[in-house]
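*Asks:* As they're listed, the protein sequences go chains A and B. With the working numbering, the residue at position 506 of the first sequence is 506, and numbering never jumps. With the working numbering, the residue at position 178 of the second sequence is 178, and numbering never jumps.
Careful, some of the hints might be misleading.
To be verified - Below, computed lysine to aspartate or glutamate pairings styled on EDC-like, alpha-carbon distance capped at 16 Å:
#, chain 1, residue 1, chain 2, residue 2
1, A, Lys416, A, Asp393
2, A, Lys510, B, Asp175
3, A, Lys379, A, Glu184
4, A, Lys323, B, Glu229
5, A, Lys379, A, Asp356
6, A, Lys323, B, Asp169
7, A, Lys323, B, Asp175
8, A, Lys346, A, Asp336
What the hints assert, rightly or not - Beta-carbon label-pair distances, calculated as ranges:
#, chain 1, residue 1, chain 2, residue 2, range
9, B, Asn27, A, Pro498, 48 to 58 Å
10, A, Ala58, B, Gly132, 52 to 62 Å
11, B, Leu235, A, Ala421, 19 to 29 Å
Keep in mind that the hints were calculated from the coordinates and are not lab data. Backbone N, C-alpha and C define an ideal beta-carbon position, used for all residues, glycine too.
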Amino acid sequence: MTAAPAVRPDDSPLGTGLSEYRSAAPALMVIFGATGDLSGRKLLPALYNLARNRLLPAGFALVGAALDDMDEARFKQMAAQHVRDHSRTQPVDEKTLDAFLRDVSYVRIDFGETEGFERLASRLNELDNARHTGGNVVFYCATPPPTYGLIADQLRHAGLNRGHGYRRIIVEKPFGSDLRSARELNRVLRKAFPEDSVYRIDHYLGKETVQNILAFRFANSIFEPVWNCQHVDHVQITVAEPLGVEQRGSYYERAGALRDIVQNHALQLLTLVAMEPPIALEAGSVRDEKVKVLRAIRPPTPNEVCLQTVRGQYAEGWVMGEKVPGYRAEPKVAPDSRTETYAALKCLVDNWRWADTPFYIRTGKRLPKQVTEIRVQFKRPPHLTFGREATRDLEQNAITLRIQPEEGISLRFGAKVPTAAMNIRSVNMDFLYASSFLVDAPDAYERLLLDCMLGDPTLFTRSDEVEAAWTLIDCIEDVWRQDQPPLELYPAGSWGPPGAERLLEEGGRKWHRP
Amino acid sequence: MAQTLSGVAPIHEDRVRARRWSAENTNLESVMEHLRQLHHDVVLHEVDPHQHPHPKNCVLNLVVATEDQQRVTFCDKVVAHLAASHPLRAIIVHLHGGGGPGMLDAEVIVEAHQLLNGFPVQREQVLLHVRGEAAHHLSSLIEPLLVDDVPTYLWWSGRHRLNEAIVQDAISFSDVLVVDSGRFEHPIDAVLELAGLAADPHATVGVADFRWGRVRPWRDAIGQFFGPEDRRALLPGLQEVSADAAGTGPEARTGAALLAGWAASALGWRFAEAAAAGPDATRAIAVAGHDHRVRVTLRSVPNDRLHHGELLTVRLAGRRGRRAFTLTIERDPGGDNHANVTIRLDGGEPVRQRLTLPRLGDPDLLVHVLWANQRDPVFHGALRAAVPLLEAMR
Numbered sequence: 001m002t003a004a005p006a007v008r009p010d011d012s013p014l015g016t017g018l019s020e021y022r023s024a025a026p027a028l029m030v031i032f033g034a035t036g037d038l039s040g041r042k043l044l045p046a047l048y049n050l051a052r053n054r055l056l057p058a059g060f061a062l063v064g065a066a067l068d069d070m071d072e073a074r075f076k077q078m079a080a081q082h083v084r085d086h087s088r089t090q091p092v093d094e095k096t097l098d099a100f101l102r103d104v105s106y107v108r109i110d111f112g113e114t115e116g117f118e119r120l121a122s123r124l125n126e127l128d129n130a131r132h133t134g135g136n137v138v139f140y141c142a143t144p145p146p147t148y149g150l151i152a153d154q155l156r157h158a159g160l161n162r163g164h165g166y167r168r169i170i171v172e173k174p175f176g177s178d179l180r181s182a183r184e185l186n187r188v189l190r191k192a193f194p195e196d197s198v199y200r201i202d203h204y205l206g207k208e209t210v211q212n213i214l215a216f217r218f219a220n221s222i223f224e225p226v227w228n229c230q231h232v233d234h235v236q237i238t239v240a241e242p243l244g245v246e247q248r249g250s251y252y253e254r255a256g257a258l259r260d261i262v263q264n265h266a267l268q269l270l271t272l273v274a275m276e277p278p279i280a281l282e283a284g285s286v287r288d289e290k291v292k293v294l295r296a297i298r299p300p301t302p303n304e305v306c307l308q309t310v311r312g313q314y315a316e317g318w319v320m321g322e323k324v325p326g327y328r329a330e331p332k333v334a335p336d337s338r339t340e341t342y343a344a345l346k347c348l349v350d351n352w353r354w355a356d357t358p359f360y361i362r363t364g365k366r367l368p369k370q371v372t373e374i375r376v377q378f379k380r381p382p383h384l385t386f387g388r389e390a391t392r393d394l395e396q397n398a399i400t401l402r403i404q405p406e407e408g409i410s411l412r413f414g415a416k417v418p419t420a421a422m423n424i425r426s427v428n429m430d431f432l433y434a435s436s437f438l439v440d441a442p443d444a445y446e447r448l449l450l451d452c453m454l455g456d457p458t459l460f461t462r463s464d465e466v467e468a469a470w471t472l473i474d475c476i477e478d479v480w481r482q483d484q485p486p487l488e489l490y491p492a493g494s495w496g497p498p499g500a501e502r503l504l505e506e507g508g509r510k511w512h513r514p
Numbered sequence: 001m002a003q004t005l006s007g008v009a010p011i012h013e014d015r016v017r018a019r020r021w022s023a024e025n026t027n028l029e030s031v032m033e034h035l036r037q038l039h040h041d042v043v044l045h046e047v048d049p050h051q052h053p054h055p056k057n058c059v060l061n062l063v064v065a066t067e068d069q070q071r072v073t074f075c076d077k078v079v080a081h082l083a084a085s086h087p088l089r090a091i092i093v094h095l096h097g098g099g100g101p102g103m104l105d106a107e108v109i110v111e112a113h114q115l116l117n118g119f120p121v122q123r124e125q126v127l128l129h130v131r132g133e134a135a136h137h138l139s140s141l142i143e144p145l146l147v148d149d150v151p152t153y154l155w156w157s158g159r160h161r162l163n164e165a166i167v168q169d170a171i172s173f174s175d176v177l178v179v180d181s182g183r184f185e186h187p188i189d190a191v192l193e194l195a196g197l198a199a200d201p202h203a204t205v206g207v208a209d210f211r212w213g214r215v216r217p218w219r220d221a222i223g224q225f226f227g228p229e230d231r232r233a234l235l236p237g238l239q240e241v242s243a244d245a246a247g248t249g250p251e252a253r254t255g256a257a258l259l260a261g262w263a264a265s266a267l268g269w270r271f272a273e274a275a276a277a278g279p280d281a282t283r284a285i286a287v288a289g290h291d292h293r294v295r296v297t298l299r300s301v302p303n304d305r306l307h308h309g310e311l312l313t314v315r316l317a318g319r320r321g322r323r324a325f326t327l328t329i330e331r332d333p334g335g336d337n338h339a340n341v342t343i344r345l346d347g348g349e350p351v352r353q354r355l356t357l358p359r360l361g362d363p364d365l366l367v368h369v370l371w372a373n374q375r376d377p378v379f380h381g382a383l384r385a386a387v388p389l390l391e392a393m394r
């Protein structure tokens, strides 16, 4: 199997100066679960926007594949409505949408039956011949995780995992539910596809602000010298959302906050903050450095799990001005559920750079607002020249990397209040994406779908990263299964259970209120 | 008496660019989306091809809560003027109360003030009309709207007692609670509740009272008198402190009690034997050290020209060794914005001075609060020390 090289601006004299120009080789894409929520809300609008920006490769065609019995016209109609409803660019350009839909088709498929995959093979063959796509196909599993192995197997049996072009498969998180199942999933996927053709998507990594962490750290010389245990007191990573579990109760009952967010999004953010500079912004180097961080996280002992982790579950409360039910009253949730909707933990990264510098992670549902941020809190100066009174309102220096909303970076430092006396207060220097570049950033899925077609896996998760993350999570889950530490309830609309405050108070610290 | 807008920069209306949106029966998600969109519109409009667009500038969140439509209008003006020099996000909440499911009407304004020196200042304001049960859960409405990493001042202009759940809920997202205790139905209770918050070691919120701001010129005058080193030596000889306030009944003496509390806190006194002396006076003995006692008298004096509770006269007297001293500060009966200061020292001829006594409106008082520390230790000390006097006045 030969990976088709992407056409880069550097390769073509006509591409010089076209900074936005990233053109992939002709290819087809199959979305399994094309009638589902992820496809409708994210994938179809992302593909439309790629088309709108002339970033889809020449000859591109999309095949929707799902269990629903519908004809092609109905699928196109549904796809059009999803694009109109969810596209980040509005209003939708109807001509572009029409052109995009002309390249869309639909195949009904039952993942348990081989006939459907045979029909799919036949359709792909027709399209490849007609569109000269060189046998290149991306398979996107927008389906529940238990089906990934089945789909990979069926693709292998139908001979769709190999051909004269590239064959790549994209799977969505969660990648397994523990280390054992993650290894099993990796094993099944590898039976059909080599590791470099498996694209594990964590859409957080496709966000501009997440990628900007690398730019912030490694394109500037003023931050890196203080980015270590000598100067950083601790790091806080917050992934908060005001939504409850909505219709995902049955999934969430099995997952919980630790598996749903910490294992992937939060630990990915941690690796980007803590990693060493990669040799180049290239998939192997970046992912090698990330894996080193994950492996350096000290696995907590059972006693440490009790002391350094917090489990919470939301009770009834008020969020965004509306009364909301408790988790146990949500649809498809057991009335005596012990599943955590909030998780907080303290991680120690045992390496030269971060020795004894805690990384605190918290995530939860039904928190007061949606926010994802990383706060790097610096140590106080060794001596406060100005005395206690003058610095009463002075906080420690901090850099906040805001992933969402109001994407940007702020630096907090002390400044003299302009009065006759010497009073010092904290002030902010802010960088906001929205008002600095005045362009709408592409959606994470646009970036990642294009990267996959370009054969650039830098922003996708490698199998060893997944396994290293599960190694840590399993240490915690093993203790949590014994109901330790106790599950604490928190009112919906609050910032989590009291235990989370205690977690930081022990170090004389407190959570930043975003 | 009309409240002035004297303490803040004037608005140059020709230099203000504004974007507005409003909706009835909406939800917070929609409000947030429009706030974001309007901000973006203003920024886009401001961009000069030769300049970099300015970043977000916001130095504070100001949350105003009131049940009174007139007050909403007034606070709106105060915030607009304040924004000419303090870029801020203001959230004005009009509490309509009532039961049943919550309903929300909203108006969003984003303004860019192009100041004379060329630095743009922004005001982002959200006016929420909250009906039904949602009004009792303000934190769920306000917290998502707050700008990160800048202090949040809650200007509570509502009628509810500070110890009621609705206020406690609102305090939970605030760094500083700002009130005018004079506007409460029971001002003495309000100040005692502030004192409770100030004394609570677990409370994360600082407190501020406009009444304390109004006492500021009097504190300045007293502090200046005892400023010189030879006069500081007189302080342990203080024997008598009295303060008269305009109005009738004990509530009129609340500000006077704060002034006495300030002196007590600063000089290490403890009030004992505080008691009412008829309907219009409170007397107390302040114990300083082992055997030194200071007589403290607070009086209410009917006055139809001044606001209820405004100070009329403050007098401090004492003797240190052979040095007798008296400081009397009397509001000018003919002109409200001045006071006459009389200093008698060492039996000599009295020294008379004239002192400006500015009448501070809410905007000025709010600016003073924003200048002060979030937890003003002097005010907190005065509150704590004044508690015995306030309790005697209830």
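*Asks:* Okay, which hints does this one fail, numbers in order?
*Replies:* 3, 4, 7, 8, 9
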